[in-house]
Amino acid sequence: MLYLSLVLVFILSYSFYFYGKKRALSLKFKKNENLSSLPDYYGYYVVLLVFFPAIIIWFFLLLFKSNFQEMFVMSPVLFPDVATWSSGKFGLIMNKISNLSMIVNLSEIDLTVGDKSILKMASESEIIAAKNLANFDKIYGWSNLTLFIILPVLLGFLATKSISGKLNAQPIVEKIISYVIKGSSYIAIFITFGIFFSLVFEAINFFRYVNFMDFFFNTAWNPNRAFVINASEGFDQEALKEAFGFVPLLTGTLLIASVAMLVAVPLGLLTAIYLAEYASSKVRDIAKPIIEILAGIPTVVYGFFAALSLAPFIKDVGEGVGLPVSAESALAAGLAMGVMIIPFVSSLSDDVIKAVPQSLREGSYAIGATKSETIKKVILPAALAGIMGSFLLAISRAIGETMIVVMAASLRANLTFNPLEPATTITTQIVTSLIGDVEFDNPKTLVAFALGLTLFVMTLILNIAAITIVKKYREKYE
Amino acid sequence: MSSLEKRLAAEKRFKFYGMFAMTLSLFFVLILMYKIFSTGSGAFVRTTINADVYFDPNFIEVSSNSSKKEIMKASYVDLADQVINQNHPGLDEENFIKVREMYTRKFDYQLRDYIANNPNVIGKTVNLDISASSDLDQIVKGNYPRNVPEAQRKINDYQLSILDSLDSKGKMSKTFNFWFFTNGDSRDPETAGILGALMGSFYALLICFSFAFPIGLLASVYLEEFVKPGKITDIIEVNINNLAAVPSIVYGLLGLGMLIGVFGMPYQVPLVGGLVLGFMTLPTIIIASRASLRGVPPSIREGALAVGATKMQTVFHHVIPLSLPGTLTGTIIGMAQALGETAPLLLIGMVAFVMEIPGGAFDPATGLPSQIYLWSESAERGFLEKTSAGIMLLLSFLIIMNTVAVLIRRKLEVKW
Numbered sequence: 007m008l009y010l011s012l013v014l015v016f017i018l019s020y021s022f023y024f025y026g027k028k029r030a031l032s033l034k035f036k037k038n039e040n041l042s043s044l045p046d047y048y049g050y051y052v053v054l055l056v057f058f059p060a061i062i063i064w065f066f067l068l069l070f071k072s073n074f075q076e077m078f079v080m081s082p083v084l085f086p087d088v089a090t091w092s093s094g095k096f097g098l099i100m101n102k103i104s105n106l107s108m109i110v111n112l113s114e115i116d117l118t119v120g121d122k123s124i125l126k127m128a129s130e131s132e133i134i135a136a137k138n139l140a141n142f143d144k145i146y147g148w149s150n151l152t153l154f155i156i157l158p159v160l161l162g163f164l165a166t167k168s169i170s171g172k173l174n175a176q177p178i179v180e181k182i183i184s185y186v187i188k189g190s191s192y193i194a195i196f197i198t199f200g201i202f203f204s205l206v207f208e209a210i211n212f213f214r215y216v217n218f219m220d221f222f223f224n225t226a227w228n229p230n231r232a233f234v235i236n237a238s239e240g241f242d243q244e245a246l247k248e249a250f251g252f253v254p255l256l257t258g259t260l261l262i263a264s265v266a267m268l269v270a271v272p273l274g275l276l277t278a279i280y281l282a283e284y285a286s287s288k289v290r291d292i293a294k295p296i297i298e299i300l301a302g303i304p305t306v307v308y309g310f311f312a313a314l315s316l317a318p319f320i321k322d323v324g325e326g327v328g329l330p331v332s333a334e335s336a337l338a339a340g341l342a343m344g345v346m347i348i349p350f351v352s353s354l355s356d357d358v359i360k361a362v363p364q365s366l367r368e369g370s371y372a373i374g375a376t377k378s379e380t381i382k383k384v385i386l387p388a389a390l391a392g393i394m395g396s397f398l399l400a401i402s403r404a405i406g407e408t409m410i411v412v413m414a415a416s417l418r419a420n421l422t423f424n425p426l427e428p429a430t431t432i433t434t435q436i437v438t439s440l441i442g443d444v445e446f447d448n449p450k451t452l453v454a455f456a457l458g459l460t461l462f463v464m465t466l467i468l469n470i471a472a473i474t475i476v477k478k479y480r481e482k483y484e
Numbered sequence: 551m552s553s554l555e556k557r558l559a560a561e562k563r564f565k566f567y568g569m570f571a572m573t574l575s576l577f578f579v580l581i582l583m584y585k586i587f588s589t590g591s592g593a594f595v596r597t598t599i600n601a602d603v604y605f606d607p608n609f610i611e612v613s614s615n616s617s618k619k620e621i622m623k624a625s626y627v628d629l630a631d632q633v634i635n636q637n638h639p640g641l642d643e644e645n646f647i648k649v650r651e652m653y654t655r656k657f658d659y660q661l662r663d664y665i666a667n668n669p670n671v672i673g674k675t676v677n678l679d680i681s682a683s684s685d686l687d688q689i690v691k692g693n694y695p696r697n698v699p700e701a702q703r704k705i706n707d708y709q710l711s712i713l714d715s716l717d718s719k720g721k722m723s724k725t726f727n728f729w730f731f732t733n734g735d736s737r738d739p740e741t742a743g744i745l746g747a748l749m750g751s752f753y754a755l756l757i758c759f760s761f762a763f764p765i766g767l768l769a770s771v772y773l774e775e776f777v778k779p780g781k782i783t784d785i786i787e788v789n790i791n792n793l794a795a796v797p798s799i800v801y802g803l804l805g806l807g808m809l810i811g812v813f814g815m816p817y818q819v820p821l822v823g824g825l826v827l828g829f830m831t832l833p834t835i836i837i838a839s840r841a842s843l844r845g846v847p848p849s850i851r852e853g854a855l856a857v858g859a860t861k862m863q864t865v866f867h868h869v870i871p872l873s874l875p876g877t878l879t880g881t882i883i884g885m886a887q888a889l890g891e892t893a894p895l896l897l898i899g900m901v902a903f904v905m906e907i908p909g910g911a912f913d914p915a916t917g918l919p920s921q922i923y924l925w926s927e928s929a930e931r932g933f934l935e936k937t938s939a940g941i942m943l944l945l946s947f948l949i950i951m952n953t954v955a956v957l958i959r960r961k962l963e964v965k966w
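Respectively, the protein sequence lines represent chains A and B. Heads up, the first sequence is in this note's numbering, so the first residue is 7 and it goes up one at a time. Heads up, the second sequence is in this note's numbering, so the first residue is 551 and it goes up one at a time.
Think of the hints as simulated: they come from the structure by calculation, not from any bench. Beta carbons: idealized from backbone N, C-alpha and C, even for Gly. Mixed in with the good hints there might be a few duds.
Said to hold, decoys possible - DEER-style ranges, computed between Cβ atoms:
1) A:Val253 - B:Phe813: 34 to 42 Å
2) A:Val206 - B:Lys724: 54 to 62 Å
3) B:Ile850 - A:Val253: 53 to 61 Å
4) A:Phe16 - B:Asn600: 46 to 54 Å
5) B:Asn600 - A:Ala301: 44 to 52 Å
6) A:Ser72 - B:Lys861: 40 to 48 Å
7) A:Ser149 - B:Asn635: 53 to 61 Å
8) A:Leu10 - B:Val649: 45 to 53 Å
9) B:Lys704 - A:Val206: 46 to 54 Å
10) B:Ile850 - A:Ser93: 52 to 60 Å
11) B:Asp707 - A:Glu298: 45 to 53 Å
12) B:Lys724 - A:Leu329: 39 to 47 Å
13) B:Lys861 - A:Ala89: 48 to 56 Å
Claimed, not checked - Under the rule of at most 20 Å between Cα atoms (straight-line distance), these lysine to aspartate or glutamate pairs were calculated in the EDC-like manner:
14) B:Lys623 - B:Glu906
15) B:Lys585 - A:Asp322
16) B:Lys565 - A:Glu283
17) A:Lys181 - B:Glu775
18) A:Lys188 - B:Glu774
19) B:Lys585 - A:Glu298
20) B:Lys556 - A:Glu379
21) A:Lys188 - B:Asp784
22) A:Lys144 - B:Asp913
23) B:Lys691 - B:Asp679
24) B:Lys565 - A:Glu379
25) A:Lys377 - B:Glu555
26) B:Lys861 - A:Asp46
27) A:Lys383 - B:Glu555
28) B:Lys778 - A:Glu180
29) A:Lys188 - B:Glu775
30) B:Lys565 - A:Asp291
31) A:Lys382 - B:Glu555
32) B:Lys674 - B:Asp606
33) A:Lys382 - B:Glu561
34) B:Lys861 - A:Glu180
35) A:Lys478 - B:Asp784
36) B:Lys565 - A:Glu368
37) A:Lys188 - B:Glu787
38) B:Lys562 - A:Glu283
39) B:Lys674 - B:Asp628
40) A:Lys383 - B:Glu561
Bound-form chain A, shown alone (with noise of 0.2 Å):
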């Protein structure tokens, strides 16, 4: 129903197009008035006048269903109180009542037969509220339509009216669009904004929990033992201290980003100087685009490659030669993380090659340099800005890649610099620890948003050293 009723108000506010044109091409030709604008601006004004106002409440409307849902369901009419309960007790009854509406179909069930277990636990306005509830979208979506047929009209209808021959109706329509335009532009600044505010709040109350000095010094990882609670009397300090512990979480991630690394920087780098050097361009042509389809596979496909191929192959490997290999180790996804990795550090490293400037090559080759001298001596230290700042945002990429990990790395947090043994990371933590749980009110789950804020603040000064770098190398052969 909510979309119909936004289909409407395309419709409809696309027909008024029409309608106003009518009206402006009738004033001119049977009223003989002067128009001030073009007759399809009048179109463009009753369009735009029916459209924005028809859906903003459109969003509005869907954004705060839940809460019209509540509204509806826990009437005062029903529940007295309602007002000065809880939210602990709200939520529960409105669970329960939930729960009633999916259980029975309550508009066809007789209450006084029937499964008589789980309506004898309900009161009778709990049950009414059910129904309610089951019947909410259908109330819901009726009403909308209702009102996404009668409001564009009505607005339409004004619009229209309001035209003459005096309205100039252009100068409007423009700047209508360009608000529009410009507030589309800030919406990028709105979700920096977001990103940073939802981390940041729910991280300062994560550290009412937790101290700020514990949680980025201590070296123990258990957010399990957050459980080992007594509820009245909340969590117990001296546990709490000794569950968050980044120190392992961070060295887990810089393991398994420094193997990927080892990978993917030699591998990416001599693949970028032999596609710009030395390789013809008909091999150029279809070995580029096949190495950048490594680029496109969703990392959730090397997830599983790893832990289902790559993980067991290392440990047969390793036990072969006599070396304990965990089936979770780092050097699995970090070799899976680094094959992800090659064609960003190839391309970037490929591009700024490339940019240097033909004339320094042949300066090296006139002076007798071989081809390889001249990319080790010459190329090289002219390009070598360009790939620090790839190399950077290979970094920042492994740091906050997610499937792979969450797929074949560690969930038990270990403080090691062997490859060989399990490790896990930040991105990993955060997953594990809201996985089906939206409870903001423990620090187990909300300790993900304090790692989450680490992340945005690690790779954001990666990228922006990246970004820098790149930009003054690029402006020094300009």
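Given the coordinates of chain A, work out where chain B should sit on it, guided by the hints.
What follows is chain B alone, placed relative to chain A:
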């Protein structure tokens, strides 16, 4: 060796390193594809057991005149048991259970659907291909070894003997597993399908597109055409570049903390997933669209302005239509990235077990990549196959989207 020879040898070595690195990278692509295709191709085939099914009215609660709703509501467990008894006469209770395990657990649903489609069948005997259980399927496909001790096998000796006797009678066959494309998720690998996840991804991408495309296009128009370079543009510019490099999981946290936590949007629905993917895609679209707007030569703008068009008319009548192919290409590539993105979906809850196929952006759903993740976490061999098949489907969508993007660029983009 003279110094020149040394230098030339070094040259050769260096070239070889480069070639080796490139070949190795290409080799990784091949090995990845090979692994996925070799494990996944089995999921498109399903083992079936041919049996005569007598739709005994005594075991069916409904009659041929019953409405479709009644037929769908009734239970067919007894009928399924009866069919097995007929096809394997003389089973004691213990062996009956063993034989029942060879058929899919959803046998009764298969019978129900058949009756619902052909209500007149009640009282008649029909020859049907019944889906085998996933474990039997894996034995037949050769993914489970037969020659290991019974305790290590999922199919015991008795079931193997039944299987062999069925096979010798020519009752075992393989059909195309259309369930994979028409079913939602299931606890049983043989009936699990990808359609639910596909629809979830579809709705999410729909929301993503309707959010990110118009806003991305308009924002890039503002930044390229209307605003004079200044502090605010610089801030927006740095901002967009940074947003493009923010890890996807952070967007998931944004969706969870802001959209679900603050705005109270529902958990595990494509609406939130689509919005989060839209936030992620927005910078990609803006960057692509700006590049495309920059590609439109100034002479077009000057020509339009010279004949008296306003700035707004110039941009909307001339510049945007010319830059649209480039914008669309960037949008499709951004959407392809969004389709493969898993981490944000995990955080906003689109990884639950959902059997129903979602009917809209408000229904609980999984996405294609998160369904792949869910299946990959399952230990059963049947789901391993499904995971790879899901990946194959995901990759083919990505290939299609990227091809369309390339085609748009080639066919529609105007070169100046």
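Proposed proximity, glutamate 775 (chain B) with lysine 181 (chain A) (alpha carbon, max 20 Å): Status holds; Cα separation ~15 Å.
Are the Cα positions of lysine 556 (chain B) and glutamate 379 (chain A) separated by 20 Å at most? 12 Å, holds
Supplied distance hint 46 to 54 Å, evaluated on CB atoms of phenylalanine 16 (chain A) and asparagine 600 (chain B): 53 Å, holds
For lysine 188 (chain A) and glutamate 787 (chain B), compute the direct alpha-carbon distance and say whether it is at most 20 Å. Answer holds: lysine 188 (chain A) to glutamate 787 (chain B) is near 14 Å, not above 20 Å.
Consistency of beta-carbon spacing, valine 253 (chain A) to isoleucine 850 (chain B), with hint 53 to 61 Å: 58 Å, holds
Has the hinted range 34 to 42 Å been met by the Cβ atoms of valine 253 (chain A) and phenylalanine 813 (chain B)? Once the Cβ atoms are compared, 35 Å apart, the range 34 to 42 Å for phenylalanine 813 (chain B) and valine 253 (chain A) holds.
For lysine 674 (chain B) and aspartate 606 (chain B), compute the direct alpha-carbon distance and say whether it is at most 20 Å. 7 Å, holds
Is it true that the CA of lysine 585 (chain B) sits at most 20 Å from the CA of aspartate 322 (chain A)? 18 Å, holds
Is it true that the CA of lysine 562 (chain B) sits at most 20 Å from the CA of glutamate 283 (chain A)? 14 Å, holds
Taken at face value, is the distance from the CA of aspartate 913 (chain B) to the CA of lysine 144 (chain A) at most 20 Å? It holds: about 15 Å lies between the C-alpha atoms, which stays within 20 Å.
Take a quick look at whether lysine 565 (chain B) and aspartate 291 (chain A) sit within 20 Å of each other, Cα to Cα. Within the cut-off at roughly 18 Å; holds.
For the pair we were handed, lysine 565 (chain B) and glutamate 379 (chain A), check the Cα-Cα distance against 20 Å. It holds: about 11 Å lies between the C-alpha atoms, which stays within 20 Å.
Violated hints are absent here; each numbered hint is respected by the structure.
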